[in-house]
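Next come the chains, spelled out residue by residue.
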Amino acid sequence: MMTEYLLLLLSAVFVNNIVMVKILGLCPFMGVSKKLEAAVGMGAATTFVLTLASGSSYLINHYLLGPDLAYLTTLSFIVVIAGIVQFTEMVIQKTSPELYQTLGIYLPLITTNCAVLGVPLLNVQEKHNFMQSLIFGAGSALGFTLVMVLFAGLRERMEGADVPGIFKGSAIAMVTAGLMSLSFMGFSGLIK
Amino acid sequence: MAFSPFITKPSSVSEIMLQVLFALIPGILFYVWFYGPAILVSMLLASLTALATEALMLKLRNRPVAPFLKDNSALLTAWLLALSIPPLAPWWLVVVGTMFAISISKHLYGGLGNNPFNPAMVGYAVLIISFPSYMTHWLTPDGLGDITLGFSDQLNYIFHGILPGDIKLDAVTMATPLDTLKTQLHMNGQMKTILDMPIYGHFAGVGSEWVSFGFLLGGLYLFFRRIISWHIPVAFLVTLFAVSGALHLVDPSRYAPPLFHWFSGAAMLGAFFILTDPVTSPTTPKGRMIFACGAGLLTFLIRVYGGFPDGVAFATLLMNISVPLIDAWTQPAVFGRKDRS
Amino acid sequence: MRKLYTFHGGVHPATCKTQSTGKPIAKAKLPSKLIIPLHQHVGHSARPVVEVGERVQKGQLIGRADGHVSSAVHASTSGTVTAIDMQPVAHPSGLPELCITLIPDGLEEWLELEPIDDWQSVPHTELRHRLRNAGVVGLGGAVFPSDMKLYAHKHKIKTLVINGAECEPYITCDDLLMRERAAEILAGAELMRTLLYADEVLIGIEDNKPEAIHAMRSAVIAGKHANMEIVAVPTIYPGGGAKQLIRVLTGIEVAAGVRSTDLGVQCFNVGTAYSAWRAIRFGEPLISRIVTVTGNVASPQNLETLIGTPIIELVAQAGALQGTNGYIMGGPMMGVLLPSDQAGVIKATNCIIAASDQLFPPPKTVLPCIRCTRCADVCPAQLQPQDLYWHARAKNFTKAEEYHLFDCIECGACSYVCPSNIPLVQYYRFAKSEIWAQQASQKAANAARERHEFRESRLEREKREKAEKLAAKEKAATKSEAAPVSDKPDTGPVDETQRKIQAAIDHARAQAATIKPKNTEQLTPQQLAEIADIEARRARIREIAQASTDTHTRE
Amino acid sequence: MRRTMAKAALLTALNLTAFALFGTALLAFIYSQTHERIEKSVEAEKLKLISQILPQSLYDNDILKDTIKLSPDPLLGNEGETTAYRARLHGRPSVAVIEAVAPDGYSGKIYMLIAIRENGELAGVRVVSHKETPGLGDYIDIARSDWITGFDGKSNAQYNDDDWKVKKDGGKFDYMAGATITPRAVVKAVHKALQYFALHRDALFAGERK
Amino acid sequence: MFSALLAMAAIAITLGAVLGFAAIRFRVEGNPLVDKIDAVLPQTQCGQCGYPGCKPYATAIAEGAADINQCPPGGEEGIRKLADLLGMEFKPFGSSTVTKPKAVARIDESTCIGCTLCIQACPVDAIVGAAKQMHTVIAAECTGCELCLPPCPVDCISMVSIEESTGNWKWKYPVYALTPSQTAAP
Amino acid sequence: MSYQEFKDIFYNGMWKQNTGVVQLLGMCPLLAISTSVVNGVSLGLATTIVMALSGAAVAMIRQLVPNEARIPVFILIIAVLVTAIQYLMNAYLYSLYVVLGIFIPLIVTNCIVLARIEAFAARNPAIQSAFDGMAMGLGLTAVLAVLGGLREIMGHGTLLSGIDLALGASAKSLVITVVPDYHGFLLAILPPGAFITLGCLIAGKNWLNQRAEAKRITFTDAIPAA
Ligand SMILES: Cc1cc2nc3c(=O)[nH]c(=O)nc-3n(C[C@H](O)[C@H](O)[C@H](O)COP(=O)(O)O)c2cc1C
Ligand SMILES: Cc1cc2nc3c(=O)[nH]c(=O)nc-3n(C[C@H](O)[C@H](O)[C@H](O)COP(=O)(O)O)c2cc1C
Ligand SMILES: Cc1cc2nc3c(=O)[nH]c(=O)nc-3n(C[C@H](O)[C@H](O)[C@H](O)COP(=O)(O)O)c2cc1C
Ligand SMILES: Cc1cc2nc3c(=O)[nH]c(=O)nc-3n(C[C@H](O)[C@H](O)[C@H](O)CO)c2cc1C
Ligand code: SF4
Ligand code: SF4
Ligand code: SF4
Ligand code: SF4
Ligand code: FES
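Protein chains in written order, with this note's numbering: chain F, 52 to 243; chain H, -16 to 324; chain X, 746 to 1300; chain W, 39 to 248; chain E, 18 to 203; chain U, 43 to 268.
Please keep in mind that the hints were generated in silico from the structure rather than gathered at the bench. Keep in mind that the hints are not guaranteed to be accurate.
Said to hold, decoys possible - Each computed DSSO-like pair below joins lysine-lysine, with the alpha-carbon atoms no more than 30 Å apart:
| no. | chain 1 | residue 1 | chain 2 | residue 2 |
| --- | --- | --- | --- | --- |
| 1 | E | LYS119 | E | LYS72 |
| 2 | W | LYS86 | W | LYS192 |
| 3 | X | LYS1218 | X | LYS1208 |
| 4 | X | LYS1188 | E | LYS117 |
| 5 | H | LYS321 | X | LYS762 |
| 6 | E | LYS149 | F | LYS219 |
| 7 | X | LYS1214 | E | LYS149 |
| 8 | E | LYS119 | X | LYS1208 |
| 9 | X | LYS1218 | H | LYS(-8) |
| 10 | H | LYS175 | W | LYS206 |
| 11 | E | LYS117 | F | LYS219 |
| 12 | H | LYS269 | X | LYS1140 |
| 13 | W | LYS147 | W | LYS206 |
| 14 | W | LYS210 | H | LYS175 |
| 15 | W | LYS86 | H | LYS151 |
| 16 | H | LYS321 | H | LYS269 |
| 17 | E | LYS108 | E | LYS189 |
| 18 | H | LYS(-8) | E | LYS187 |
| 19 | F | LYS178 | W | LYS210 |
| 20 | E | LYS149 | X | LYS1188 |
| 21 | E | LYS149 | X | LYS1218 |
| 22 | H | LYS175 | W | LYS203 |
| 23 | U | LYS257 | E | LYS108 |
| 24 | W | LYS107 | H | LYS175 |
| 25 | X | LYS1208 | H | LYS(-8) |
| 26 | W | LYS86 | W | LYS206 |
| 27 | X | LYS1208 | E | LYS72 |
| 28 | E | LYS53 | H | LYS42 |
| 29 | F | LYS178 | W | LYS206 |
| 30 | E | LYS119 | F | LYS145 |
| 31 | X | LYS1140 | H | LYS42 |
To be verified - So the derived label-pair ranges between C-beta atoms look like this:
| no. | chain 1 | residue 1 | chain 2 | residue 2 | range |
| --- | --- | --- | --- | --- | --- |
| 32 | E | PRO170 | U | LEU106 | 44 to 54 Å |
| 33 | X | ARG1026 | E | GLU93 | 25 to 35 Å |
| 34 | F | GLN176 | W | ALA63 | 53 to 63 Å |
| 35 | E | PRO170 | X | GLY812 | 35 to 45 Å |
Note that the Cβ used here is the ideal one computed from N, Cα and C, for glycine as well.
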């Protein structure tokens, strides 16, 4: 049981990394990774939202909707997530204005960070129980944070690189993300 | 002569790279001895492609071509890539891999010294993902297979994809020893019986253990010439040994002995030539240890549980991602700030 | 044997010292003119105290120390001041500085000096004052006013380190000084020990100077100096850096920004000790120093040179050769290529190397950094030069500072070993001066903000006060209208106008009053000084103006 | 105007609720209007897949209605209940279409639909979903190659146990060099499904027809 | 249908209540970011950014109303600092912006009539002097904003650029011939 | 609304503020689905419809929403629209739905829809908002088409494969085999290929911009001083 949970967690963080393998959550990944601190902040905020969203969406799906109202899944999930994000946004603005400024337009966009909706939907699809949903949510968010932070490190270093003019900025960041995802393919098959 | 210091120690990038190329030679000699000269063809092909791509990219980037072509780094990338591709790979495979390595993973970042990812390993990873079937057909060592291809037959296959008569590709190639082990274990084979197969020698594959030995010799040369420091090879090999040894002790029927891991696949090449690429590895001693330990662990995991026959390339790339952070977090204490910071 | 420590890194370039150690120290010929910059030391420039055309004596004060950190400048020989103007100086920028040009009269007529026979009985403050007025500054390279370094609380300093390492290739001035004038160096060290209340004196000399070590050891015995030791230290560049030598001798590491006195050590160059002794004992100001003239010259040697001697004339004495394409002041590792060979020798000039393509081949092709970390392996400050370079090149100064840019001592060891031939130190110098400039402008901005905010609040206050005053007045006015104050109602309108005029005048006065004190409160001493200067100028202008009107009226 | 906390909360809540109710109502309406049509389309789609391996000539019943639930069985490799479809011709059982899982594919499970004639002969096999390496192990997919049609007509009667292997291991089935793990898994799973059919034949076709 | 409405209504009411509550509970007064931005600006108070001073410009940036590349005295370095602070991409000056070399005002003492108008204009109190007396600019405190130029009735104020000397000289960015564009790099 | 205004909005959406290569928003579907031209264009068009409709809807009701409920309400509108479209298509346009089916729910979380609503529809009238949504959507579609085309050619050596699913079996003849006997460069259709190709597209746009800039400068320079 414990091992199963652990494997689920590791799989969500590395093998099925939400950004590199599932290609979800790319907008904040590209947008908030220019500075290491911002990446850490975004990671933390997303982890908070994603874990909460995984748990609450499980409860909603299980107790409020049931099979009859399956057509409301997306709608209800997204509304709940939007609410959680809005709440988080207000709290951050109050407690850490710099983080608020750095996260900029990406903070409200956590709502549309595909990962945040994608993970609860995947939970439903994979028929995860409550505990599994939470672990999968947290694991995905940790994986998101991990690659964000690593990516931010790479981007900070690349600021000094002699990148050809037309590739400066987001183009080379994209290529880097590509090579990262190439590397992450090395995990494939590790946990089936 | 405008700035101090006005004197410099005689050394150059091109000489360093040349030494590394030189150090590869023992391994290559063993390679040719056991598998025939096809590998030399791949190496030549890769070298020409690398130089051409390098020159083209430098022109496009509006940089002087001659000094960079002379730095030998493209040649080194080409050789390392060629050594990790099956020698009988079709010519276009070598060309595509080398071009990708030099153009995308090196020059898009600004060329020599600027690339965060190991170009040769990017080339390898691209190839194994895109053309897995070509990338898993390795030559059978001389004397093991039913048929041995002559040099002209090898050339014919590389450039035209034609094998003489009715010989099938399977007859002259095999999966690598690592791959075979994995496949057999997958089919519930027993370690002992598997390792008794004719393709295995003293520690690992009949030919590949000698090739690895050659790379070990070359690596030691690099160490004594102070071109590489001990941290990366030692940390990598020790980690690989420790993890595989521990699991081998637990269940010898399912886990290969540690020396098998050392002398098969790209472990030795990786330890001394690939992970040590100065451009893409950490610069601090502590960072190098962390980097190499991580690579050792990942190599083992990918080899034993993962989807690829060998893990060195992906382990290298995965650890490359974390180099900036490792560097930042392992900054050694500066003179006079030992206990302060 | 004393236990010696080691420091990280270091390099072993060819020393090239034997060329210039063959001959004893010779006196340089009196040059045709002396160009003496007023800013030869760290800190404020000296203020000229002579006028053009004035005749000066040898050793006469020509520039007075100005400000807290500053040092005096003296006439190196007797002669006439022919100019006080901007001249090219021995500075890498090639920019001119204020210099005093002196044409020697060949008499070498000394000013009357004030020797002290029994310096032990003179108060320390007086000794320091004399050192300052004698223009004694560090001759090891940093040219920091020595009197400032010779101040310490009792029993705070344990060790005085005298630096005779001379680790740079080519330079031999300290070597020769130690061979020939050991006793006086030791006397100077004794003087310094007293001023610092230090216990022991350690004199570090690199073991490639056996003659100097021998001479100094003999002098210690001969002079019966207690608790003073000559220590042979391993030859390694930059073993003569103060931090490195302190580390080797005592094991103490002095980080950048930390005063070594806080850790119980202080370090001086042997030449400084010698000059300090001459200044106290004989009252001689610092007007000459030993300069190694070497490189592409016929007879490399050490010359005792007057400060201000033009480089070109000095080199001529050692026999200038064909093929010289520049002059390096200092050693090949840290020296600067002089933009002009007309500049005069300054107190920091320990060595002049005539450079040629044979000795110093033109720089090789520069390639990108391949992160081989050879530079990190040799960096005595234990920095990561490749990271510093990466950030400095990208002008990412915040990051460069985070990686301890300011701990770099610019020793050049990293550039020396770099296989890519990158002028690393150059990038560090660039980054440092950019950061300094930024800090200066940030400081200016902060001050400007403060003044702006102060002004805003003052304007606010004035507006408020005015409004209050107006309100009060209006109140008074209504009151006066309500009450029958006047018994001459017909004069009312006149009164009204007059009152209005008066009010306007009052208003103007009040305004003038508010203006007057403006900007004359809360001024800093500098501002006050500046204002005083300005006022003096005005007084003069007024006088002139007055004089002209006076003449007019008289006519 | 200073809003009190309670008032603000109430306002926001009401606003959100209003929009939510409106949206839900709209959706519910659309759903009620469309779900029947949608279900029909989905069934048609499933039928299309089944009809690939189940010739029209072999049945005349409504196979989508004539189903039976199969509980997990190691021979089928399924973990939960799966559905089997039963084809009948003139009221007599003709073909069973069962879902089987090959658990040991190169990169995970391979889901298959296997149609077995009443006499134990394979009518056809299709891979429904898999994660095998594109370009290497995916030749089992009908979209990439017709390797999978090699099973048509094979039966346990025709091949003995040793024949149910790829040629490389001494069996009778083709494979593509460089990717033998995938076909091994598929062949093994099909073989097991046939064994399952042999054991449960009667139970499979039992039950009333609709 | 009814259960659907009920379910969504429940969700909406709960969320709405929480959000409404949070909106009041976590209300933010003022914007502390303004001071942080202001600290980066050069405080020349020249108004070239289009705002009446540095602080107003800082406020505008914080509110998202102004771009970060509008302050010429701050130079590119200033933009870079702002970009860093705000996590934005560096943005060069527009083509219409001219950055001038640093200069200070100097009053021609023989022409000055002591009208005090320049004193009133100088935003940083860098001019001293009393009415009807000659005025002088304290060079060290002058930010070079040029605001004192227009009000002077006798045009006695001129800007003198600060020349390079060994005191303010800076080491140049290393330039070497072989890789020309590297020297032109970031 | 003037012609110029339309033109500006259109230019903005298609080029200047292009979501795919400039704003870098809505990238998940962009990268995940651009494995072929047909997939790319289908998703692009579906997104365009949603963006136009949601822009109009939000612009109409924006005054009714208090600030703190802003995002939930907007997202609710998008979700309702998307789900409705999904069901309607499923029921009445089944064959098209088979192609697009899995992509449609993804539109809900496509950042660009909400981003555009926040940035444009929340401040502008309905017609402009609808048009802006459309322009942005078309810009995205263009990128999707190019990206899909590149990846399809590199990955499979074909173009327009799968078009029969969208246009019926008769369209099968439209499939172009660009490189016959192609080995298939798998990387191009896997995630890394998607990233790298998009990176190159962005660089391509930078290059075009740079060239345009250079031209503009030489052009103005050529004008003699009057
Ligand atoms: C990144 C990389 C991956 C390699 N992959 C393998 C591999 O999977 N298995 C292997 O045995 N050799 C691999 N090699 C090649 C080995 O270095 C060596 O050439 C090989 O042992 C040749 O003998 P073999 O065909 O018997 O394995 C690889 C080399 C590199 C650099
Ligand atoms: C790299 C480096 C090398 C130095 N080498 C010497 C040296 O060999 N001899 C010396 O007296 N000072 C040398 N100095 C200067 C010393 O650090 C230090 O400034 C001096 O010893 C202090 O004495 P002073 O104030 O009398 O000059 C060197 C400095 C540096 C940074
Ligand atoms: C990246 C990669 C992906 C692979 N994918 C598959 C696969 O999907 N199916 C498969 O059977 N073999 C796959 N293989 C090949 C196996 O590792 C193994 O080499 C092969 O199945 C052994 O077949 P052989 O006995 O024909 O040599 C893959 C290999 C690599 C390197
Ligand atoms: C010790 C050493 C190891 C190297 N290893 C590699 C390598 O694994 N792959 C590669 O592409 N280049 C390698 N190089 C060459 C060079 O550093 C590399 O091409 C740079 O990454 C190009 O910027 C190596 C160089 C040295 C000195
Ligand atoms: S020695 Fe030169 S090439 Fe090597 S790491 Fe240092 S700077 Fe880079
Ligand atoms: S110059 Fe600076 S960085 Fe280079 S070796 Fe010397 S101290 Fe280290
Ligand atoms: S342009 Fe810069 S210095 Fe001038 S007022 Fe604006 S912010 Fe201040
Ligand atoms: S003196 Fe003039 S230029 Fe200088 S700060 Fe004051 S107003 Fe600006
Ligand atoms: S995060 Fe996925 S589309 Fe923006």
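Each hint tested on the structure:
no. : hint                              : in the structure
1   : E:LYS119 <-> E:LYS72              : holds (21 Å)
2   : W:LYS86 <-> W:LYS192              : holds (23 Å)
3   : X:LYS1218 <-> X:LYS1208           : holds (15 Å)
4   : X:LYS1188 <-> E:LYS117            : holds (20 Å)
5   : H:LYS321 <-> X:LYS762             : violated (35 Å)
6   : E:LYS149 <-> F:LYS219             : violated (59 Å)
7   : X:LYS1214 <-> E:LYS149            : holds (26 Å)
8   : E:LYS119 <-> X:LYS1208            : violated (33 Å)
9   : X:LYS1218 <-> H:LYS(-8)           : violated (86 Å)
10  : H:LYS175 <-> W:LYS206             : holds (22 Å)
11  : E:LYS117 <-> F:LYS219             : holds (28 Å)
12  : H:LYS269 <-> X:LYS1140            : holds (27 Å)
13  : W:LYS147 <-> W:LYS206             : holds (22 Å)
14  : W:LYS210 <-> H:LYS175             : holds (28 Å)
15  : W:LYS86 <-> H:LYS151              : violated (39 Å)
16  : H:LYS321 <-> H:LYS269             : holds (15 Å)
17  : E:LYS108 <-> E:LYS189             : holds (24 Å)
18  : H:LYS(-8) <-> E:LYS187            : holds (28 Å)
19  : F:LYS178 <-> W:LYS210             : violated (39 Å)
20  : E:LYS149 <-> X:LYS1188            : violated (33 Å)
21  : E:LYS149 <-> X:LYS1218            : holds (29 Å)
22  : H:LYS175 <-> W:LYS203             : holds (24 Å)
23  : U:LYS257 <-> E:LYS108             : holds (21 Å)
24  : W:LYS107 <-> H:LYS175             : violated (44 Å)
25  : X:LYS1208 <-> H:LYS(-8)           : violated (71 Å)
26  : W:LYS86 <-> W:LYS206              : violated (34 Å)
27  : X:LYS1208 <-> E:LYS72             : holds (21 Å)
28  : E:LYS53 <-> H:LYS42               : violated (45 Å)
29  : F:LYS178 <-> W:LYS206             : violated (39 Å)
30  : E:LYS119 <-> F:LYS145             : violated (40 Å)
31  : X:LYS1140 <-> H:LYS42             : holds (26 Å)
32  : E:PRO170 <-> U:LEU106: 44 to 54 Å : violated (59 Å)
33  : X:ARG1026 <-> E:GLU93: 25 to 35 Å : violated (56 Å)
34  : F:GLN176 <-> W:ALA63: 53 to 63 Å  : violated (27 Å)
35  : E:PRO170 <-> X:GLY812: 35 to 45 Å : holds (39 Å)
Hint check: violations occur at hints 5, 6, 8, 9, 15, 19, 20, 24, 25, 26, 28, 29, 30, 32, 33, 34; the rest are consistent with the structure.
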